[in-house]
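Enquirer: Working from the sequences, and respecting the hints, build out all of it.
Residues per chain are reported as follows:
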Amino acid sequence: MTNSINNLKENSKENTDMGNTTISTTLSTTEKVALSLKKRHQKEKLFKRIGLFAVIFGFMLVVVLIGDITSKALPAFHQHWVKVDVNYKSAWLNIDDSSALNLKKANYRSVLKKSLYQMFPTASGKKLSRKDKRQLSKLFSTNAEFTLKDTLIASPEHFNKQINVWVRLDDDVDSYLKEGFSSGEAGLRLSQQQAQWVAQLNTEQRIESRFNISFFTASDSREPELAGIKGALTGTLLTMFVTLLLSFPLGVAGALYLEEFAPKNRWTDLIEININNLAAVPSIVFGLLGLAVIINLFGLPRSAPLVGGIVLTLMTLPTIIIASRAAIKAVPPSIREAALGLGASKMQVTFSHVLPQAMPGIITGAIIGIAQALGETAPLLMIGMVAFIVDVPTSIVDSATVLPVQIFLWADSPERAFLAKTSAAILVLLSLLLVINVTATMLRSKFEKK
Amino acid sequence: MNSPLLFTVLLCLILFSYWFGIQRSLKVAGGAEHKKDLTCLPEQFGLLTAMVCGLPALITLLIFNSTEQFVIEQLLTTTLPTSIQSLSSIDLGLYLNNIRSLASSETTQTLLVSINNNSNLALLEQFKAALTLQELNQQALWLKTGLVLVIACVSVIMLVKKFSLTFQARQKSETIIRALLVASSAIAILTTVGIIISVLFESIRFFKSVPVTDFMFGTQWSPQTAMRTDQVAGSGAFGAIPLFAGTMLITFIAMLLAVPVGLMIAIYLSQYASARLRAFAKPMLEVLAGIPTVVYGFFAALTVAPVIRNVGESFGLSVASESALAAGLVMGTMIIPFVSSLSEDAISAVPNALKEASLGMGATKSETVVKVLIPAALPGIVGAILLAVSRAIGETMIVVMAAGMAANLTANPLDSVTTVTVQIVTLLTGDQEFDSPKTLAAFALGLMLFITTLGLNVLALKVVRKYREQYD
Chain A
1 MTNSINNLKE NSKENTDMGN TTISTTLSTT EKVALSLKKR HQKEKLFKRI
51 GLFAVIFGFM LVVVLIGDIT SKALPAFHQH WVKVDVNYKS AWLNIDDSSA
101 LNLKKANYRS VLKKSLYQMF PTASGKKLSR KDKRQLSKLF STNAEFTLKD
151 TLIASPEHFN KQINVWVRLD DDVDSYLKEG FSSGEAGLRL SQQQAQWVAQ
201 LNTEQRIESR FNISFFTASD SREPELAGIK GALTGTLLTM FVTLLLSFPL
251 GVAGALYLEE FAPKNRWTDL IEININNLAA VPSIVFGLLG LAVIINLFGL
301 PRSAPLVGGI VLTLMTLPTI IIASRAAIKA VPPSIREAAL GLGASKMQVT
351 FSHVLPQAMP GIITGAIIGI AQALGETAPL LMIGMVAFIV DVPTSIVDSA
401 TVLPVQIFLW ADSPERAFLA KTSAAILVLL SLLLVINVTA TMLRSKFEKK
Chain B
451 MNSPLLFTVL LCLILFSYWF GIQRSLKVAG GAEHKKDLTC LPEQFGLLTA
501 MVCGLPALIT LLIFNSTEQF VIEQLLTTTL PTSIQSLSSI DLGLYLNNIR
551 SLASSETTQT LLVSINNNSN LALLEQFKAA LTLQELNQQA LWLKTGLVLV
601 IACVSVIMLV KKFSLTFQAR QKSETIIRAL LVASSAIAIL TTVGIIISVL
651 FESIRFFKSV PVTDFMFGTQ WSPQTAMRTD QVAGSGAFGA IPLFAGTMLI
701 TFIAMLLAVP VGLMIAIYLS QYASARLRAF AKPMLEVLAG IPTVVYGFFA
751 ALTVAPVIRN VGESFGLSVA SESALAAGLV MGTMIIPFVS SLSEDAISAV
801 PNALKEASLG MGATKSETVV KVLIPAALPG IVGAILLAVS RAIGETMIVV
851 MAAGMAANLT ANPLDSVTTV TVQIVTLLTG DQEFDSPKTL AAFALGLMLF
901 ITTLGLNVLA LKVVRKYREQ YD
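Chains as they are written, first to last, in the numbering used here: chain A, 1 to 450; chain B, 451 to 922.
Accuracy of the hints is not assured; some may be wrong.
Here are the simulated BS3-like cross-link-like pairs (lysine-lysine), alpha carbons at most 25 Å apart as the crow flies [as the list claims (entries may be wrong)]: (1) A/K83 / A/K45; (2) B/K732 / A/K38; (3) A/K329 / B/K912; (4) A/K32 / B/K805; (5) B/K732 / A/K48; (6) A/K45 / B/K821; (7) A/K264 / A/K346; (8) A/K38 / A/K48; (9) B/K821 / A/K39.
Don't read these hints as lab results, they were simulated from the structure.
Computed from a predicted structure; not experimentally measured.
Expert: Right, here's the structure in full:
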């Protein structure tokens, strides 16, 4: 083959060597082809390169996306705490003795403030101005006074004594430190004075970076340093519980009917067309359905995981039905015929022979559907799961929010520290999805081995 | 008994009736040693009994729960003084809301105390009404509990009486199961009907206040101004053209990225890539497809948009911070795996003979792809692109987070535009009264969205079907 092409090339060279203007007319088709080969092979190379470039571009997008979010998320997993010399003076606490009742109602805010004023005498020895005082207390989390309270209640023997207590810094200071400012220059939202205080705390080695456990144990808060994902995570679990409980049996039953029992008629066709179309309806339209029918017509509570679960069920049902049908279809007919031949009824064949055989495929389909529902945000905005909810929901009719909606809410917040929180919440969501998908793959391979 | 408890009791009853059905059938047979005399297995008797116990009771519970509130409200309204009954429906709704929150927050005791201690007539009425509401709720609860339990027990007893040696328990239970299967598959139809009804009815109400033509062809969109009373409500404020234009612009940008990249990925992976690369690349792209849209939205708003803004400004261009370009590009990223997997299916569905014939004639691979495979797979690819467009139009979170709110009618990708889905979310989040044209407008937009995506899907399926007819 290559030989003949070489021959052709030589031939054509000879032709050109003859050097007259009628080359093109005297060339045979094979010669023309041979002449154009180089150009064609170049084109081929270019085409292949473009294809490879597209694939690499796809990879890059994945890497950039995940890398960007991970790098933004990292700061959220640790948090700066500061050691404060707290003086639990009875006068500041405004109580006489350390009885349990008194400790609960004592004025910890004044203890915190006065302890702070003592820690930072101004250079000239003057008293802090009102503005300075305000700026100083802004360095600490609003939660600090409650930390003091808990500390004293836990060990009442510190009453009237001075001890060291670790409290959270405010999110602005936290961001300031995480951004690498340290030498006391004003930056981010800190003034010169505040920055100097922070630098002083730093040189006194009072500031410590700790793992941010409260990100996983706290609920939403207006204060970034206190906000956590526990509430949203619980809401997600409750919503997914409802979704799974409804969509799995309904999806499997629907698929069984369509594959095993349904006669070929208009009704069945209608159902099939409907399922295919529903799979492609934008999710937000399901939210409109939930708002108009489930909330306004049936009167179920707004913002509840129950309603969210129902809406997501309607949304994922087509996915589960389509996957289950494929799994049921893949069960070899010999199994059905053997069972029928032994005298089993159609129902017995379906439930004792076809369904167990199709189960791995059905479960995989259901997990894909659940993974889809887990990341869904838009329909839940419609049914009011977008509210600011501090309490961790305890039942499926409580007001709740879910992780993707929490991400949406935090992404909208102006505070800088929420940027990291949002990314961290995204990482949690993505890891959940990863776990779910890996489970699906493992389940499938386990069943397939049998 | 409240609903969860009632539900649990009912479940116990169902379990019990399973056991009861088995025992009764054995008794009919004359003991466990004679169970072969029965036409069906005792377990089948048990199953039938459990279903007959549970189903009617559960259906009753469901119907009761969904109508309860409405009926109680009607009853409550009849007990209210006529001056309140004659209020407009909105004011009456507010009044009833007050009473409801009173009834749920206060105990009967405190209500009674406040009735005795209060001299304000209007408040007194409210407290009384709240008390009535509490009584009604209590009665409804008792009625519900009684009704459900009686229905469950009576149906079991009626069934068990009919048990005999030749009783066809299996056939009867199979009929019921079959009906349940049919019902589950019909949910798809119910959902579609539900969507159409909810979106259509609210849209019709909207079009009563804003003419269809104004909505479809108006170029001014500012739903906020129409809220103020005595304005030319919606005469120009509900023109959806800017929204449609914005949606199209962002979709177009997305397609500009997703179609070439997705198609080239599909071609490379199906024609050139080694098995190892394929095994690695496919899951990688699935990752892209599996990322929730809210994550893409975050990425678009906080990473891509600032980058585009900075790059644009370094060239001296003025770029809106919520530019259509950022939202479009990220949406395109989201759609790449969608386009690539669907087009790969279409390409690999082309009969191998065509490909081999082309290669055998001496065409290079790229020539085969461009001149044979793609034309042959074109209907499938077009179907894939149509489906991708439909997804881009219906996509919500990316545009909500990365596109703007202002309805600009522009074709400049560096400007901020808004889309149909963004407006639906903006109009419906937060607490609004349900009857204002502002909220109803969201449903009209939803109707447009539903019709468009449905049309695109039907079209895509038709294109793909036509293609199938050619080769199968």
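Enquirer: So, for every hint listed, does it hold in this structure?
Expert: Right, here's what the structure says about each hint:
no.	hint	in the structure
1	A/K83 / A/K45	violated, 65 Å
2	B/K732 / A/K38	violated, 33 Å
3	A/K329 / B/K912	holds, 24 Å
4	A/K32 / B/K805	holds, 23 Å
5	B/K732 / A/K48	holds, 18 Å
6	A/K45 / B/K821	holds, 16 Å
7	A/K264 / A/K346	holds, 17 Å
8	A/K38 / A/K48	holds, 15 Å
9	B/K821 / A/K39	holds, 17 Å
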